[in-house]
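Novice: Two chains, two separate frames, one set of hints: put the complex together.
The listed protein sequences correspond, in order, to chains A and B. In this text, residue positions in the first sequence follow our numbering: the first is 401, and each later residue adds one. In this text, residue positions in the second sequence follow our numbering: the first is 963, and each later residue adds one.
Quick caveat, the hints were computed from the structure, so don't treat them as lab data. Remember, it's a predicted structure, so these values are computed and weren't measured experimentally. By construction, the Cβ of each residue, glycine as well, lies at the ideal position given by its N, Cα and C atoms. Heads up, some of the hints might be wrong.
[Claimed, not checked] Simulated restraints, written as ranges between beta carbons of each label pair:
no., chain 1, residue 1, chain 2, residue 2, range
1, A, Ala583, B, Ile1028, 19 to 27 angstroms
2, B, Gly976, A, Ile633, 28 to 36 angstroms
3, B, Gly976, A, Val675, 26 to 34 angstroms
4, A, Leu659, B, Ile1062, 28 to 36 angstroms
5, A, Val563, B, Asp1029, 33 to 41 angstroms
6, B, Thr1027, A, Val675, 22 to 30 angstroms
7, B, Thr965, A, Ile633, 38 to 46 angstroms
8, A, Gln662, B, Ile1028, 37 to 45 angstroms
9, A, Leu742, B, Asp1068, 18 to 26 angstroms
10, B, Pro1000, A, Ala673, 43 to 51 angstroms
11, A, Glu677, B, Leu1045, 21 to 29 angstroms
[Claimed, not checked] Below, in silico cross-link-like pairs of lysine to any residue (SDA-like), each with a Cα-Cα straight-line distance of 25 angstroms or less:
no., chain 1, residue 1, chain 2, residue 2
12, A, Lys614, B, Gly991
13, A, Lys614, B, Arg996
14, A, Lys614, B, Val977
15, A, Lys614, B, Pro998
16, A, Lys614, B, Gly981
17, A, Lys614, A, Pro676
[Claimed, not checked] Here are some, though not all, of the chain B residues that point toward chain A, as calculated from beta-carbon distances under 10 angstroms:
no., residue
18, Leu1016
19, Val1018
20, Leu1032
21, Gly1058
22, Trp1071
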Amino acid sequence: MKGPQARFALERSIASGEPDPQSIVFTISWLELPGPKAPKQIGRDASCGTHQVCYLHGYRPARVDGESDDLPVPVPRREYGGPVLVSTALRERRSARGADPPRSGRRPAGYPALLMSGTRAAFSDGLSAMAPLLVGIVPFGLIFGIAAVESGVGPAAGIGLSVLVFAGAAQLATVELIGADTAPVVVVATALVINASHLMYSASLAPHFAGLGKLGRVGIAYGVTDQAYALSITEFGRRPMRPAEKVAFFMGATAALWLTWQVCTIIGIAVGASVPEAWSLDFAVPLVFLALLIPAVADRSSAAAAAAAGAAAALAAGLPFNLGVMIGAVTGVAAGVVTERLLPLRREEG
Amino acid sequence: MTTFDAPLIWVIVGVVAAGTLGLRWSFIGLVGGRVPAPVQRALRFVPAAVLAALTVPALLRLEGTIDVSLDNHRLIAGAVAGLIAWTTRNVLATIGVGMIVLWTLDALW
Chain A
401 MKGPQARFAL ERSIASGEPD PQSIVFTISW LELPGPKAPK QIGRDASCGT
451 HQVCYLHGYR PARVDGESDD LPVPVPRREY GGPVLVSTAL RERRSARGAD
501 PPRSGRRPAG YPALLMSGTR AAFSDGLSAM APLLVGIVPF GLIFGIAAVE
551 SGVGPAAGIG LSVLVFAGAA QLATVELIGA DTAPVVVVAT ALVINASHLM
601 YSASLAPHFA GLGKLGRVGI AYGVTDQAYA LSITEFGRRP MRPAEKVAFF
651 MGATAALWLT WQVCTIIGIA VGASVPEAWS LDFAVPLVFL ALLIPAVADR
701 SSAAAAAAAG AAAALAAGLP FNLGVMIGAV TGVAAGVVTE RLLPLRREEG
Chain B
963 MTTFDAPLIW VIVGVVAAGT LGLRWSFIGL VGGRVPAPVQ RALRFVPAAV
1013 LAALTVPALL RLEGTIDVSL DNHRLIAGAV AGLIAWTTRN VLATIGVGMI
1063 VLWTLDALW
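Here chain B stands alone, though its shape is the one from the complex (with noise of 0.2 angstroms):
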């Protein structure tokens, strides 16, 4: 839970959406603008660094240490669920058979 107040968070709001739309609009609202290749090459990458640096800390750390034993159920449970991802490419399935990896898990040790 945060301890931000209620003005603070809608500032964020406002300024995040601000700024999407500045990104959204930036080619499409100034005519004629191309984005410089070498720009292009690495936006490429956002997306897969991006999600990498939102998925791996939230499954290798257990209270703030690293862990990759067996005991982390998160990461098993997270190592299955990329399993899925991969052959089946279904964000349902995904999710759905992390949480029950990981309930499983929790339930049994």
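Okay, chain A solo, but in the shape it has when bound (with noise of 0.2 angstroms):
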């Protein structure tokens, strides 16, 4: 029994209030074992999870291993999901025959998908959520890294950048800054005031971590990113997720996250010492910038907040120290709580 099949067989069971021990074990199998047909959407759709289906209904599956098939037994109840409760059950039966001496935290060896846990299933999902969204990531990084070589910032500071810092737009910008000689302390604040928005995301995230320890939370910290918050915070409300799960799920999206953007710093820092200046590539900067800001503009306000941003910011673009963009900032946010402000009002009106 596969796919489709499995899973009506599932459900007739779950409603008829009498779960079906091998259509569980079957649907598990094929909904947790890497397929082509992406069955992880299947597992949503599933209750909560197919993993705690036996959770859920207390039982474990039979006629695993050559096991006699008999009657379901119920599984008492855990903290953890399903499969891991499955195998311990099993574990322990089996040993207490003397089939099978208990080993700790080893998997017996046979049904690794059926065993696979809830944390590495929300790890590997972090992991494909954030796939599609690598493809922006590679020019970006590209990008990031020829430009370290052409300010002159240089490669070790570069991957530097990308590893202590991680937060595309601040390290560009912070490059580019550097390379035009501004004052160190208008280059650090500038990447600090594009960074800003992280203080909402930390804030956003907070209570989903907060069973965390100081250092666990410190980990977590660093990996918040506009991406891994956006995939999180979704995730995170569309299903209901144990702590773990959720760690686990931000740390597989950070994880494909952090390794694209490490390995397309070091090809562009490699690739940037030998591009031609012709090639006007120091373009590619604003044009990053651009492909980010378009987006960012939702609304009226915002598109106030951009509109004067940027012509506070050409206008200022003159004055010392580079500190166009950051009163272009200020200006723009400044007009954007302006703005917000008024809209409702004028539509009161008419």
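Specialist: As structure tokens, this is what we get:
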């Protein structure tokens, strides 16, 4: 029994109140085995995720590893999800028979897919959720690497920025401003203004990671990016997840992004030294900012913010220390706040 | 090319890194905190404002002065790229088209 058939059998047996252990086993193995048909989507449909089906209904699968096909035995409820629990029950029974000496922390051979734990599934969910976004990261990372070399920041500090800062737009602005010999204070201030929106992400994610230790929370904080934030907060809102699964999902998404970013930075740095100036690749930097700017303009007040910021920055660009970006950003935020306050008033008048 | 020496660059890298981690850690680290509503409203406009402040001068200004003539190839290429970004929402297409338009204009005029 595979695919839709298995799922149908599972749903029918759950609906009848008498879950059929066979269908649970087959559904789990089908859903959790990596296969060509993106089985995880089905997993989300099925009430609360397949690994919890066993847990909720308290059955262990029969007929695994050539065992007798006897009646389902209720499994005691435990904190963690089904597959782990099934393995524990099975191991306990087998070791009671003396067939299998108890081994702590290792899975019995024969059903690795069945025993995939919820956190591992969440980690790979995070990885695959990030995959489509990586396409946009690649050129960005390459351009950063090239800009790091062209601005004179150099390979080591370029990689240092990618590893330590791990925030694309701020890194790119830092490199650009250093290349223009901007006062260091202004470089730092501009980079931090760009990352100010991370405050918002931090506040929004905080309740989901409140259970972690101090060091764990620093680790999570390091991985906060636009992409990982957007994916995680969407996923956390879509289905019930245990705290450990949330951490695993976030880490999966961040790991994919982090690796891609570092690799692209290094490739960009390696390539950057040999790019002729006639290619005007420095122009790619404002193009990246432009590609990020357009989606950020979501409504009329953010459009006003962008217009005011652009105008102010262009007029102030002649100022010493490259203060134009900072002045533009502050003007833009103020314009956005003011527009937002005025807009509802105008609607009431009309 | 910068005239900064390596130690100064590393200091900047370190401070930006520490500051960024501080911003990200702020609420995750201090459990129970909340962003005050007015600050949250203002922060919403940061991405649009900062990115516009970085983009517009790079497109408008040529050798230190504002140039909105047809001679400013970067402005034309930027406008086309903006149109592509608007319609496709694709980073790669935006950069690709913008660069090709710039190269074409530079080669022809």
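Novice: Could you run down the list of hints and mark each one as holding or not?
Specialist: Do the hints match the structure? See the list:
Ala583 of chain A and Ile1028 of chain B have their C-beta atoms about 23 angstroms apart, which keeps the hinted 19 to 27 angstroms range intact. A hinted range of 28 to 36 angstroms holds for the C-beta pair Gly976 of chain B and Ile633 of chain A, which are about 30 angstroms apart. Range check, Gly976 of chain B to Val675 of chain A: Cβ separation about 28 angstroms, and the 26 to 34 angstroms hint holds. Between Leu659 of chain A and Ile1062 of chain B the Cβ separation comes to about 30 angstroms, which falls inside the hinted range of 28 to 36 angstroms.
One distance hint, 33 to 41 angstroms for the beta-carbon pair Val563 of chain A and Asp1029 of chain B, holds here, with the actual separation near 38 angstroms. Checking the proposed 22 to 30 angstroms range against Thr1027 of chain B and Val675 of chain A shows it holds: the Cβ atoms sit about 27 angstroms from each other. Judged by the Cβ atoms, the range 38 to 46 angstroms given for Thr965 of chain B and Ile633 of chain A holds: they are separated by roughly 43 angstroms. At roughly 38 angstroms, the beta carbons of Gln662 of chain A and Ile1028 of chain B sit within the given window of 37 to 45 angstroms.
Between Leu742 of chain A and Asp1068 of chain B the beta carbons are some 43 angstroms apart, a value that contradicts the proposed interval 18 to 26 angstroms. Hint check: Pro1000 of chain B to Ala673 of chain A, Cβ distance near 47 angstroms, so the stated range 43 to 51 angstroms holds. For Glu677 of chain A and Leu1045 of chain B, the hinted distance range of 21 to 29 angstroms is satisfied, since their beta carbons lie about 27 angstroms from each other. Distance hint between Lys614 of chain A and Gly991 of chain B is fulfilled; the C-alpha atoms sit about 7 angstroms from each other, no more than 25 angstroms.
Taking the CA atoms of Lys614 of chain A and Arg996 of chain B, the gap is near 18 angstroms; set against the 25 angstroms cutoff, the hint holds. For a cut-off of 25 angstroms, the pair hint linking Lys614 of chain A to Val977 of chain B stands: about 22 angstroms separates their Cα positions. Distance check on the hinted pair: Lys614 of chain A and Pro998 of chain B sit about 24 angstroms apart at the alpha-carbon level, within 25 angstroms; holds. Between the alpha carbons of Lys614 of chain A and Gly981 of chain B the distance comes to roughly 18 angstroms, so the proposed pair stays at or under 25 angstroms and holds.
Distance restraint check for Lys614 of chain A and Pro676 of chain A: the Cα-Cα separation of roughly 48 angstroms exceeds the 25 angstroms cut-off, and the hinted pair is therefore not satisfied. Hint on Leu1016 of chain B holds. Least Cβ distance to chain A is approximately 5 angstroms, under the 10 angstroms limit. Given the 10 angstroms rule on beta carbons, the hint for Val1018 of chain B holds: about 3 angstroms separates it from the nearest Cβ of chain A. This hint is violated: Leu1032 of chain B has a C-beta 17 angstroms from the nearest C-beta of chain A, more than the 10 angstroms allowed.
Hint on Gly1058 of chain B holds. Least Cβ distance to chain A is approximately 8 angstroms, under the 10 angstroms limit. For Trp1071 of chain B, the interface hint is violated, the least distance from its beta-carbon to any beta-carbon of chain A being 14 angstroms, above 10 angstroms.
Violated hints for the displayed structure, listed by number in ascending order: 9, 17, 20 and 22.
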